[in-house]
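Just need the whole structure built from these sequences, with the hints factored in.
Listed below are the residues making up each chain.
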Amino acid sequence: MKFTRAWLARHLATDLDFAGLAEAMTMAGLEVEDVHDPGAALAAFSVAKIIEAGPHPNADKLRVCQVDTKDGRKEIVCGAPNARTGLTTIYAPIGAKVPASGIVLEARPVRGVVSNGMLCSGAELGVDTESEGILELAPTLAVGAPAAAALGVDDPVIDFEVTPNRPDWLGVVGIARDLAACGAGRFIETAIAPVPGAFACPVQIRLEAPEACPIFAGRLIRGVRNGPSPAWLQLLLRAVGITPRSALVDITNFLCLDRARPLHVYDAAKLSGPIIARLGRAGESLAALDNKTYAVDETHCVIADRNGVLGLGGVIGGAASGVSAETTDVFLECAWFDPKRIARTGRALGIASDAQYRFARGVDPGFIREGIELATQMILDLCGGTPSNLRIAGKAPPPPAAIAYAPTRLVKLAGIEMPEPRQKAILTALGCRVASARARPWRVTPPTWRGDMEGAADVVEELARVYGYDKLNPASLQRPKGRVRPVLTTTQIRAGLARRFLAAQGYREAITWSFCARADAVAFGGGADQLMLANPIVSELDCMRPSALPGLLKAAQKNVDRGFADIALFEIGPIYRSDAPDGQSLVAAGVRHSAPQRHWRADAANPVDGFDLKGEIERALEALGAPVDRLQLLEPAFAWQHPGRSATLRLGPKTILAAFGEVHPRILRQLDVKGPMLGFELWIENLPTQKAKQSPARPALDAPDLMPLTRDFAFIVDEAISAQDIVRAVRGVEKALIADIAVFDLYRGAGVPEGKKSVAIEVTLQPRERSLTDDELAQFMAKVAGAVAKATGAVLRN
Amino acid sequence: MTQTLLHVDAIAQDAEARIAAAADEAALEAVRLDYLGKKGSVALAMRDLGGMSVDERKIWGPRLNALRDGLDAAIRARRDALAEAALDARLAAERLDMSLPAPRRSVGAIHPVSRVMEEIALIFADMGFAVAEGPDIETDFHNFTALNFPEGHPAREMHDTFFLNAKEDGSRMVLRTHTSPVQIRTMIAQQPPIRIIAPGRVYRCDWDATHTPMFHQVEGLVIDTESHMGHLKGCLMDFLRAFFELDEVQVRFRPHFFPFTEPSAEMDVRCDRSGSTLKIGQGDDWLEILGCGMVHPNVLRQCGLDPEVYQGFAFGMGADRLAMLKYGMTDLRPFFEGDRRWIDHYGFSPWAAPSLAAGLSG
Chain P
611 MKFTRAWLAR
621 HLATDLDFAG
631 LAEAMTMAGL
641 EVEDVHDPGA
651 ALAAFSVAKI
661 IEAGPHPNAD
671 KLRVCQVDTK
681 DGRKEIVCGA
691 PNARTGLTTI
701 YAPIGAKVPA
711 SGIVLEARPV
721 RGVVSNGMLC
731 SGAELGVDTE
741 SEGILELAPT
751 LAVGAPAAAA
761 LGVDDPVIDF
771 EVTPNRPDWL
781 GVVGIARDLA
791 ACGAGRFIET
801 AIAPVPGAFA
811 CPVQIRLEAP
821 EACPIFAGRL
831 IRGVRNGPSP
841 AWLQLLLRAV
851 GITPRSALVD
861 ITNFLCLDRA
871 RPLHVYDAAK
881 LSGPIIARLG
891 RAGESLAALD
901 NKTYAVDETH
911 CVIADRNGVL
921 GLGGVIGGAA
931 SGVSAETTDV
941 FLECAWFDPK
951 RIARTGRALG
961 IASDAQYRFA
971 RGVDPGFIRE
981 GIELATQMIL
991 DLCGGTPSNL
1001 RIAGKAPPPP
1011 AAIAYAPTRL
1021 VKLAGIEMPE
1031 PRQKAILTAL
1041 GCRVASARAR
1051 PWRVTPPTWR
1061 GDMEGAADVV
1071 EELARVYGYD
1081 KLNPASLQRP
1091 KGRVRPVLTT
1101 TQIRAGLARR
1111 FLAAQGYREA
1121 ITWSFCARAD
1131 AVAFGGGADQ
1141 LMLANPIVSE
1151 LDCMRPSALP
1161 GLLKAAQKNV
1171 DRGFADIALF
1181 EIGPIYRSDA
1191 PDGQSLVAAG
1201 VRHSAPQRHW
1211 RADAANPVDG
1221 FDLKGEIERA
1231 LEALGAPVDR
1241 LQLLEPAFAW
1251 QHPGRSATLR
1261 LGPKTILAAF
1271 GEVHPRILRQ
1281 LDVKGPMLGF
1291 ELWIENLPTQ
1301 KAKQSPARPA
1311 LDAPDLMPLT
1321 RDFAFIVDEA
1331 ISAQDIVRAV
1341 RGVEKALIAD
1351 IAVFDLYRGA
1361 GVPEGKKSVA
1371 IEVTLQPRER
1381 SLTDDELAQF
1391 MAKVAGAVAK
1401 ATGAVLRN
Chain F
689 MTQTLLHVDA
699 IAQDAEARIA
709 AAADEAALEA
719 VRLDYLGKKG
729 SVALAMRDLG
739 GMSVDERKIW
749 GPRLNALRDG
759 LDAAIRARRD
769 ALAEAALDAR
779 LAAERLDMSL
789 PAPRRSVGAI
799 HPVSRVMEEI
809 ALIFADMGFA
819 VAEGPDIETD
829 FHNFTALNFP
839 EGHPAREMHD
849 TFFLNAKEDG
859 SRMVLRTHTS
869 PVQIRTMIAQ
879 QPPIRIIAPG
889 RVYRCDWDAT
899 HTPMFHQVEG
909 LVIDTESHMG
919 HLKGCLMDFL
929 RAFFELDEVQ
939 VRFRPHFFPF
949 TEPSAEMDVR
959 CDRSGSTLKI
969 GQGDDWLEIL
979 GCGMVHPNVL
989 RQCGLDPEVY
999 QGFAFGMGAD
1009 RLAMLKYGMT
1019 DLRPFFEGDR
1029 RWIDHYGFSP
1039 WAAPSLAAGL
1049 SG
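Here the protein sequences line up with chains P and F, keeping their order. For the working numbering, add 610 to where a residue sits in the first sequence, where the first one is 1. For the working numbering, add 688 to where a residue sits in the second sequence, where the first one is 1.
Quick caveat, the hints were computed from the structure, so don't treat them as lab data. Backbone N, C-alpha and C define an ideal beta-carbon position, used for all residues, glycine too. You can take every hint at face value.
Partner residues are not named here, just some residues of chain P that face chain F (Cβ under 10 Å, in silico):
hint: 1; residue: D1062
hint: 2; residue: T1101
hint: 3; residue: K1164
hint: 4; residue: L1179
Residues from chain P that keep clear of chain F, each with C-beta distances beyond 12 Å, as calculated:
hint: 5; residue: A841
hint: 6; residue: A1012
hint: 7; residue: T1299
hint: 8; residue: D1384
Structure, rendered in structure tokens:
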């Protein structure tokens, strides 16, 4: 919403300067977004008069003008067709910067004649969008007068954000009323007198859809002259970016901005029969004032006559019934439309007119009769004519209901101590009625333009707003009594641990979109219809992601493309299985692109592989409090996993805690990622919850005095047997005795049959009560060999 | 008197010379055996003592003992010297060029948004706020209706909402446009007093230099029977001071509109835009930093709380924006690009967690 200081001055008498006004508005809740002074760029420009426009010796189309300027008589070369003797226009001296082009003027010959300045068009000065020639100004203007004042652009323009709750701020009068209540000046009341009709209104009004248009006031005015509107009105409109059209149109635009009261004028000669406000009918259409044709349907409220649709009520008028320079009789409309329907219609048809914007937010239902009287008077004043009686069909929607408000509520909710008389005075200044200040609670009736005020909290807001939020005493929150308790959930703590652990392992934390392309989602096991966005911002981001890996893989590849071949990224974020709250879970996912490094030490040059990743994941799970020794390593479970070089870590067969390994080349191809890439996913919420500890004290340390001892075994097994099968078989042998089992060698070749492999393990035994005898040790070794043979068919290698 | 005894002095002289000449451990051991071994010169001489008179023994016994002890000490000393020399030689031989680079192992980094979330949680945890969460895919009820955005109200247009495909019954889920639905979920699930913050991802259909379709917010909610707007202002000022690590932060607290709070406000902080980077806490400009207000009675009612009894406040702020203001990023878009150079530059060491004792920004 834009307005100028001159406009505001029609409704507010104030001593505040412009900055003070902007500040007062902001503190009253009208957030000033921009203050623009269009005159600033015109400071160097001034009014001048062409004393003589003579021919140019070397060019037919140029004129050599003798011009009276604030700098005295100047010879200026001008190419405009309208440069003629006696013309009053705008002069730019040498050194001035032309606003539209940014060019700084220099004294230089034009086809052999030096031009000592420039005569300007409206376009060059940035006050018109296009110009035929140089400006033609009133001859009464004094030479040397500043251009900004002469062009009426010396008034700064305030642009501010109107929040949806305050449609009354969409009119300058509403702004003035609020500023006055906040102490920024005195509100200037304008009396609106009824205009007596000279004859009965011959146009009937029928309301066939009162739910869409409950009230419609109209009157006919005969014998108007629809010429250009007067200069003051044109200036006001131009200053806020509205092009003046004709007096009648300018009057409706003016009242729309001045009073937030949209109106419509029809050329009465083009109307036929009664005016009907009804719902649209399928098949109808409207050729509108914006030169577009809109299909009308049953959801729209239309204004129609016998011949069909005249306009979309409250949204846009029709071209056919619009006023023109030839119009003599007009029918004036001042109606009220259901805001929701107007909002829907505007959205559906893509129309955001000033009228639509206001009706959608709620026009004052108490300003219908006064609105049309004001408009009538303006038309009579500017266009002449004879008005009919006023005709009003229907009933205005009910005004806001009275609010029960206890004056003590202010201090309770806002912490502001304010005497009751002051409270009442503020509410009254805002247009509220306070029925009886002695009754408890008060009955506060908001004005008709404040449909947003519904309850005591709204009254408190009004009082606090006028009192000034800046005067509010800040009070620190009291810390809760008693000891400080931890506030994070287990999952939140684990997410934090995972974040620090992974970063410490060399992963850089990324945050990627929660949505991805559906094809990618499908490749990662997602892509369900219920997770598709109806209005994605781009088609590659149209589906809620089933995994963080697609985004991470693409980001990693971008880094590789930039020359960082050794890149590890992770993300801790949501993934989605369904659209239900429990369909979202938190994962830690990571990717690694590892190229062989060039390093002087051979063993440091190896790229990271799936086993390094396995180690990271196991340690991560341990850090997060997973029971690592109870985890099972099982086959891969996800399409993104390389079938032979990846695995899952599970707690029981169903609960997958983590998946890791090489990323399937097919997936990489799908994502357009070159790879090779390693990836992992860790489902933080799948980790078992830890039992709440009774006490932070640890159990006693178990550190036996006896030395541990180790024994090595080498088993020859089928290739299909996994190291884990052997370890698990050993672990079952003497649980109390075995402290650790480590696989330390894997061998294929001489001495081992084809299709078999040798797996060597070191078993650490921890005797507790006494040392083991040779016999016991021999028995143990036999048991181990037996158990592994039974479980895997292994034989001991000699 | 035997031959041997007569030669004690000669033995001593001879042995000392050989000890000194022994070039290594083996040569020294041979010397030791020659003199102090079972058949060595000293042992043989000792044997002669048996044939001596008591008087003679009194003389020769101590002399031979002294000879043995002296040689033993000399051999030990020589052995130590040889060992030292051998170690020196070995050390000289095994010298490495320690200026060669270590195997490369880069340390990763924590994203500044995570960092800022941690800082915020820490500050509010100290004021007794718990951390609550809610889903990203929300119902229209939680994201709008319960927050007093009536169906068709223009306030809904303030949010460029992402919708999911309509269900069979015509309803459609939305991606939450703010973290405020967590207020609703919290108030429905738990009784006052309530103090929570709710950090998380939010989504709006908007993408330009200052907007991304996904970003982060932190919601705050306090519900009890007495917290009023003065507490709201104080709580947020306390937060801003702690977060920006300033002794005093000047704020501008001004009216605004949110459907779910009444009264509603926005808070600006004093800032300086004159230089190349924005400075918080000084200058002549104001920067909007958060929205807040007293929880709207309709919202309390939606959650089954009586607005005559309970009241409180809510606030919401952009975590990415706070990160930018505190740590100096000028563009929002790289937050979501995973560019290693950006993460290395703006990220945080995993070892430097924010703490009340060690400071927030470390």
